[in-house]
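Residue numbers (our numbering), protein chains in the order written: chain A, 22 to 413; chain B, 2 to 449.
FYI, nobody ran anything at the bench for these hints, they're computed from the structure.
Please note: incorrect hints may appear among the correct ones.
Which residues of chain B face chain A? A partial, calculated answer using Cβ under 7 Å [as the list claims (entries may be wrong)]:
#1 L23
#2 N33
#3 R54
#4 R61
#5 Y71
#6 L101
#7 N108
#8 F269
#9 H397
#10 Y436
#11 A440
#12 E447
Where is the CB? At the ideal position from N, CA and C, for every residue including glycine.
Next come the chains, spelled out residue by residue.
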Amino acid sequence: MNNLSRIEPLLGCGLGGVLKGIIGINGAVPLIHGPMSCASGHRIIPLFGSKEPLVPSTSLTEIDAVMGTKEKLINAIEKIYTLYKPPLIVIILTCATSLTSELFGPLLDSLQKELNIPIFLVDGSGITGDEIYGFREFYKQFVQWKKTQGVKNKNSEIELIGLSPADYDSEKNLQLLNRLITEFTSLSVKRVLFQELDNIDSTWDLLPSIPCGHLWAIEKKQQPAPYGADGTYAWLKYVSMITKSNLSLSIEESYLNTKKLINKFKQSYSVNNLKIAIEAESWWGVGLSKFFSEELGCKVLLSSDIDAFLYQKVNGEVANTIIDTGNVELTLEFDSFSPDMVFGSSYVKNHNWGWEPFWHPIYHVVDNTQSFMGWRGVSVLLTVLERVLSTT
Amino acid sequence: MQWYSGKPCKLMNEWKFKDSPLWADYQVLGPNFGAVSVLLSVTDVLPIIIGSRGCATHLRFTKLAWGIDYDMRTRPLPFIELSKSDVVNGTYKINEFQLLGFEKLINRLKPNLIVLMANDASILSCIDLSGLKAQIEEIFHVRTSILEVSAISSSNQWVGYDKGLGILFDLYINNEEVQKKEGVNLVGWKWPSRERNHDIGACIDLLDKLNIPVNYVIPGGSCLNDIRESLGSQANVLWCPSYIGDTLERIERERNIPIAGFTPPYGFDGTMDWITEIANVLEKPSIIEDAKLILLDYQEQVVCIQNELRGKRAFVSGGPGRLPGLLSIMADLKVNVVNAALYWPHHSSRKTLDKVIRRLPSGPKNIIVGPSLYEIEDIASSKQVDFWMGGFQEQHSCKRYEIPFIPTTVHLASHQCFEGVINVGQKIKKALEGYDFVASSFRSTEKL
Numbered sequence: 022m023n024n025l026s027r028i029e030p031l032l033g034c035g036l037g038g039v040l041k042g043i044i045g046i047n048g049a050v051p052l053i054h055g056p057m058s059c060a061s062g063h064r065i066i067p068l069f070g071s072k073e074p075l076v077p078s079t080s081l082t083e084i085d086a087v088m089g090t091k092e093k094l095i096n097a098i099e100k101i102y103t104l105y106k107p108p109l110i111v112i113i114l115t116c117a118t119s120l121t122s123e124l125f126g127p128l129l130d131s132l133q134k135e136l137n138i139p140i141f142l143v144d145g146s147g148i149t150g151d152e153i154y155g156f157r158e159f160y161k162q163f164v165q166w167k168k169t170q171g172v173k174n175k176n177s178e179i180e181l182i183g184l185s186p187a188d189y190d191s192e193k194n195l196q197l198l199n200r201l202i203t204e205f206t207s208l209s210v211k212r213v214l215f216q217e218l219d220n221i222d223s224t225w226d227l228l229p230s231i232p233c234g235h236l237w238a239i240e241k242k243q244q245p246a247p248y249g250a251d252g253t254y255a256w257l258k259y260v261s262m263i264t265k266s267n268l269s270l271s272i273e274e275s276y277l278n279t280k281k282l283i284n285k286f287k288q289s290y291s292v293n294n295l296k297i298a299i300e301a302e303s304w305w306g307v308g309l310s311k312f313f314s315e316e317l318g319c320k321v322l323l324s325s326d327i328d329a330f331l332y333q334k335v336n337g338e339v340a341n342t343i344i345d346t347g348n349v350e351l352t353l354e355f356d357s358f359s360p361d362m363v364f365g366s367s368y369v370k371n372h373n374w375g376w377e378p379f380w381h382p383i384y385h386v387v388d389n390t391q392s393f394m395g396w397r398g399v400s401v402l403l404t405v406l407e408r409v410l411s412t413t
Numbered sequence: 002m003q004w005y006s007g008k009p010c011k012l013m014n015e016w017k018f019k020d021s022p023l024w025a026d027y028q029v030l031g032p033n034f035g036a037v038s039v040l041l042s043v044t045d046v047l048p049i050i051i052g053s054r055g056c057a058t059h060l061r062f063t064k065l066a067w068g069i070d071y072d073m074r075t076r077p078l079p080f081i082e083l084s085k086s087d088v089v090n091g092t093y094k095i096n097e098f099q100l101l102g103f104e105k106l107i108n109r110l111k112p113n114l115i116v117l118m119a120n121d122a123s124i125l126s127c128i129d130l131s132g133l134k135a136q137i138e139e140i141f142h143v144r145t146s147i148l149e150v151s152a153i154s155s156s157n158q159w160v161g162y163d164k165g166l167g168i169l170f171d172l173y174i175n176n177e178e179v180q181k182k183e184g185v186n187l188v189g190w191k192w193p194s195r196e197r198n199h200d201i202g203a204c205i206d207l208l209d210k211l212n213i214p215v216n217y218v219i220p221g222g223s224c225l226n227d228i229r230e231s232l233g234s235q236a237n238v239l240w241c242p243s244y245i246g247d248t249l250e251r252i253e254r255e256r257n258i259p260i261a262g263f264t265p266p267y268g269f270d271g272t273m274d275w276i277t278e279i280a281n282v283l284e285k286p287s288i289i290e291d292a293k294l295i296l297l298d299y300q301e302q303v304v305c306i307q308n309e310l311r312g313k314r315a316f317v318s319g320g321p322g323r324l325p326g327l328l329s330i331m332a333d334l335k336v337n338v339v340n341a342a343l344y345w346p347h348h349s350s351r352k353t354l355d356k357v358i359r360r361l362p363s364g365p366k367n368i369i370v371g372p373s374l375y376e377i378e379d380i381a382s383s384k385q386v387d388f389w390m391g392g393f394q395e396q397h398s399c400k401r402y403e404i405p406f407i408p409t410t411v412h413l414a415s416h417q418c419f420e421g422v423i424n425v426g427q428k429i430k431k432a433l434e435g436y437d438f439v440a441s442s443f444r445s446t447e448k449l
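Just chain A, with the same shape it has in the complex (with noise of 0.2 Å):
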């Protein structure tokens, strides 16, 4: 984005995007082709998965660009495949090979003949997009080879594309997502892409997908993530329509209980005066901000990537949008806007204002918190709210 005035960013580049989709298919290894420094800057992906940090490189320097580099990832991929014999390699391109633009595609397509396993070619360098390009490009990848394995499911059975184990509170948020499927529609989730995937290498079946998390806007029409009780009400309401579907009965009275829940939290307290800030990729900050705007009435500012605008855009505006800004950069813009309450990542902690974890990076050390989404989320928010309102 060129007409951005923001020099901190709030996304990395699509190396880290390839990976939150990689640790999230069990035995898969990564291979950095480019220096060691852009792998040992992205151990932190899979640590935040709670996944070991296995992000091996072709460790390449100056004198490897001018020379080629062929032959030493060959030798990398056929020591990958001896060690850890993976249902996938994925080489993920940094802006050093992808400036040289080597010609990998022949050599790949023999290795892959050769060893018996897919093994894909991502390039993931910063010059050519941020994470959520890069996880998006390893999911076509992915959905491209499964399509070529596929048979057509007729079972009541979905997938939820778009998740990762890095994203924060990932466990947590994801049983919760799977609770409302149960719990409110007639369908079941068989799997996650990418959280926890096993045998990948076997027949697949082809399910209705739900976008959610990185991939939220793959699709024309777009939900951002259940918070609240319009906004939970809204994403059941989209899976049923994509999967075509109907909803359970018992949907109106969780929906009304938590309406009233609300209603009763304006009442006692005046929240329309609070202020929020968020800082998060779009399907989850946009589904935030929905609730404390929509449904409290507060002043919202959000931090988030150019989809949040977008869906803005077509949708009506939910909050004040900041594109892709972190860090130092972020957290003067909140100290202009002087937030009484932020969600984000430990960069934007500060004694200013109130401060919950909301988005990696989360350094600092903190309570295990339930998940803010669907119905019983509402109750975890108001909670924390009324902390801050009665400090106030």
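Given the coordinates of chain A, assemble chain B onto it according to the supplied hints.
Frame of chain A; chain B shown alone:
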């Protein structure tokens, strides 16, 4: 990268490495981290990454997240966004929108130096960044330098440390007349903290007891004026030998400020070696005698720990400063080091490691340089050790094989100087009793 696995004596004799095609590294950071860690440590310097958003995000995380225990507060690490077509066309200019962003930041921070950090794309495409430098200087009236160190420059952080320091000292080394003062600089600590229980605090306290004033700590928590004034000190004492390179050697040659402390201050003998080197450059032999008196107390304290740990088998890993240091401590504790790993080789490591390994009661049978996770796994699975001291990410293999683990890269109580022997000994005992130092992925659960 430089890799070796084999007998220590062969390594010390030949100092030869292979280039492995695959590195499942878990500990080493790159040259651009080395440079950023120097530059972000200096309060009035603003580094700006050219081109890659990934470098900006992962470098800031690594510096800030792992420095939280050392008073590292959030610092900006901005970048000038470039697309692939910008790189191919050589369009290295800040556009009007980015200028607005920089204006806000620079007006607030008021840096005295801006450092443009080249990225892989600019280095490989041989772009001349002087136009960008001139643009920034003209608009913001802040001295601006170019640092041509990026990820592709090397397989470890050393060149980043050296060139990062070089960019700072280049401002003053040729021109400035600085008042001479008694005392030394401590070089290599890259955090603002001066807490007593941190490694830097232990070193400053020991030097204080020996009546050696520490004028400046470079670069952690310093400002450009400190860099300048440090050229008046009597010696540059290494807190970490990884910083030895062209910059410190040039200062030694051209400003007559000798380097001391090639042996890092760990263990009784290691710390005595460190102090002896300092005493020699300061030409004050009495310092050595004073140090021996201080050491006596610790030698008494360590006896009961030695009795408990004597003969225990250990795996130890570390970088060019930490590995010889920890081996020195193992020698003091009478522990048998069965296996060891050096994350990356620095030219100073050879002599120091050789000296320290000879002090060990026995072992190591094997030493790896440039270890990978799968090699760590192999060693852990062989169950040859009673405890393990190493980098934070070695915890995963240790947990799998239930090996008591003491992290060395994220810790609270100092591992350095004479007191470090006692602290480390106590930690090993705790670990052997079942204490979990790594219950969190990012923070040590060590309690002071």
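Here's how the hints hold up against the structure:
The interface hint given for L23 of chain B is met, as the beta carbon of that residue sits about 4 Å from the closest beta carbon of chain A, less than 7 Å. For N33 of chain B, the interface hint holds, the least distance from its beta-carbon to any beta-carbon of chain A being 6 Å, beneath 7 Å. The criterion of a C-beta within 7 Å of any C-beta in chain A is met by R54 of chain B, whose closest approach is roughly 4 Å, and the hint holds. With its C-beta approaching chain A no nearer than about 6 Å, R61 of chain B sits inside the 7 Å limit, and its interface hint holds.
A least Cβ separation of about 13 Å between Y71 of chain B and chain A goes past the 7 Å threshold, and the interface hint is therefore violated. For L101 of chain B, the interface hint holds, the least distance from its beta-carbon to any beta-carbon of chain A being 4 Å, beneath 7 Å. Taken as an interface hint, N108 of chain B does not check out: its beta carbon lies about 11 Å from the nearest beta carbon of chain A, beyond 7 Å. Annotation: interface hint on F269 of chain B violated; nearest CB of chain A at approximately 34 Å, more than 7 Å.
Interface hint status for H397 of chain B: upheld, as the beta-carbon distance to the closest one in chain A is roughly 4 Å, under 7 Å. At a threshold of 7 Å, the smallest CB-CB gap from Y436 of chain B to chain A is about 17 Å, leaving the interface hint violated. Because the beta carbon of A440 of chain B sits about 10 Å from the nearest beta carbon in chain A, more than 7 Å, this interface hint is broken. With a cut of 7 Å, the hint placing E447 of chain B at the interface with chain A is violated, because the nearest CB-to-CB distance is about 13 Å.
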